[in-house]
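S.K.: Since the structure of chain A is provided, determine the placement of chain B on it from the hints.
So you can see what is in the structure, the chains are spelled out below.
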Amino acid sequence: DAGITQSPRHKVTETGTPVTLRCHQTENHRYMYWYRQDPGHGLRLIHYSYGVKDTDKGEVSDGYSVSRSKTEDFLLTLESATSSQTSVYFCAISGASGGYNEQFFGPGTRLTVL
Amino acid sequence: DQQVKQNSPSLSVQEGRISILNCDYTNSMFDYFLWYKKYPAEGPTFLISISSIKDKNEDGRFTVFLNKSAKHLSLHIVPSQPGDSAVYFCAAAQGGSEKLVFGKGTKLTVNP
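First to last, the protein sequences are chains A and B. Residues 87 to 200 in our numbering are what the first sequence lists, from first letter to last. Residues 11 to 122 in our numbering are what the second sequence lists, from first letter to last.
The following block holds chain B by itself, in its conformation from the complex:
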């Protein structure tokens, strides 16, 4: 049973526009969420996180929104740049656990 779902395998946007990547989760015990970015032939790198006590966290061009009632989070990238083209993984953790549960990833392509 997939606890973290990224239902869009791919997304294509124009440079300068907003990219919105979505993630849904089923486990109501998750209380910490993270986004990772992965370039080909490299390991994933941490991008941004949010605790369940917040509904928004912002870091430069990247903002993560959390809707606990809908068990949904989204990553907004504004403005999108070609260098943002990568696979983005959503991950979730349950309080007290050292483990992360990852989604399958969404491949973002930002076209010049």
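The shape of chain A in the complex, shown without the other chains:
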């Protein structure tokens, strides 16, 4: 299994509070991704990173920001959490450019915004 950890694994927070989720990899992979999984929507890309300090938006990026100051860490921040951001969040990594490599997923973080 690819060395990917996510923290926390579960979090309950209140509307309007900031939340940061962490993804840590030990594989030295270049690409890192944040997805959310919701019933009826499958997996949707929030943001991704193609290198240290290099990030780009995915299809559902509104309300989220990311940072990558080290190869191994990719942080997802909800500046002011809303109930619509209640979801399961997955981090993924992949190794090479060109898209011809599968992505490896972390175990997920279940976030509940009350």
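Among the clues, some could well be false.
Below are the PhoX-like pairs computed for lysine-lysine, each with C-alpha atoms no more than 25 Å apart in a straight line [as the list claims (entries may be wrong)]: (1) B:78 to B:15; (2) B:78 to B:64; (3) B:81 to B:15; (4) B:81 to B:66; (5) B:66 to A:143; (6) A:143 to B:109; (7) A:143 to A:97; (8) B:109 to B:81; (9) B:109 to B:64; (10) A:139 to B:109; (11) B:15 to B:66; (12) B:109 to A:156.
Quick caveat, the hints were computed from the structure, so don't treat them as lab data.
M.R.: Showing chain B alone in chain A's frame:
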């Protein structure tokens, strides 16, 4: 606009029989396709992939078929086992892109 569609939210089969999961796509620029399996409370795991230069790829009990003219791919599991019960996601990539586009998933239940 949904570029990758899995029109069957669920599928139920008997142990030992064939499971066929279907996926359709609309973007003709997609040239690499993947299937992921996901158990509850775990992250998705890569299962099998196929490049658009092929029409079939096989790995043990799992075979993926690609019909480019119909923009359709399918995952065959033979024989199905209870441990195959999971949600299966189809994903697609466009050459040169590091991003995957996922379908909504199909929940497979294999009954003993």
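S.K.: Each hint needs a verdict: does it hold in this structure or not?
M.R.: Verification of the hints:
no.	hint	verdict
1	B:78 to B:15	holds (15 Å)
2	B:78 to B:64	holds (9 Å)
3	B:81 to B:15	holds (11 Å)
4	B:81 to B:66	holds (14 Å)
5	B:66 to A:143	violated (33 Å)
6	A:143 to B:109	holds (11 Å)
7	A:143 to A:97	holds (24 Å)
8	B:109 to B:81	holds (19 Å)
9	B:109 to B:64	holds (21 Å)
10	A:139 to B:109	holds (18 Å)
11	B:15 to B:66	holds (20 Å)
12	B:109 to A:156	holds (21 Å)
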